[in-house]
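> Sequence:
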Amino acid sequence: MRLAIFEPDIPQNTGTMLRLAACMGLAVDIIEPCGFVLDDKRLRRAGMDYLQGVDLTRHSSWQSFLEHSPGRIVLLTTKAVTPYTEFGFTADDCLLVRRESAGVPPEVHARADARIIVPMNPGFRSLNVAVSAAMVAGEALRQTAGFPNSGSAADPFPEGLS
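Counting in UniProt numbering, the sequence shown runs from 1 upward without gaps.
Treat each hint with caution, since some may be false.
Claimed, not checked - Below, simulated SDA-like cross-link-like pairs (lysine to any residue); rule was C-alpha separation at most 25 Å, straight line:
hint, residue 1, residue 2
1, Lys79, Ala114
2, Lys79, Thr90
3, Lys79, Ser101
4, Lys79, Glu32
5, Lys79, Cys23
6, Lys79, Trp62
7, Lys79, Ile10
8, Lys79, Ile117
9, Lys79, Val28
No wet-lab data here; the hints were simulated from the structure.
Remember, it's a predicted structure, so these values are computed and weren't measured experimentally.
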């Protein structure tokens, strides 16, 4: 499974998503241009020492990304009608998140293989992009049994303790 970030413009959110990807074993595609220098110190701060654990591919444009994109492109968008919890994910899906300040242009919407939404209370525009990415990635990994070390960790509590 992959996480693609379309023209990110807030380094802290990008760093948070890179950290998420490192911890969950997701490959990441960053579709440029970015609204910041990708090696910016704020990005490193948010990603901490997790960045070296990320399988990261940078694409110079949307077209470049499309030329290298495996699997379905699943767009997280407030313009979708299908809740992410009702969508059937596959292990080779690419979860595409938007630029924080403007979303994605119509041609990106048109090219997506699927569009999903994180349902929210009425009157709110959207969640933070990193929060949305974490929620949807969690559901996608649950559905595809893709969590790292699923079921292999020993129970840290002896029987009867919780």
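> Work down the list of hints and note, for each, if the structure agrees.
Hints versus structure:
no. : hint           : verdict
1   : Lys79 x Ala114 : holds (12 Å)
2   : Lys79 x Thr90  : holds (22 Å)
3   : Lys79 x Ser101 : holds (15 Å)
4   : Lys79 x Glu32  : holds (22 Å)
5   : Lys79 x Cys23  : violated (29 Å)
6   : Lys79 x Trp62  : holds (20 Å)
7   : Lys79 x Ile10  : holds (21 Å)
8   : Lys79 x Ile117 : holds (7 Å)
9   : Lys79 x Val28  : holds (23 Å)
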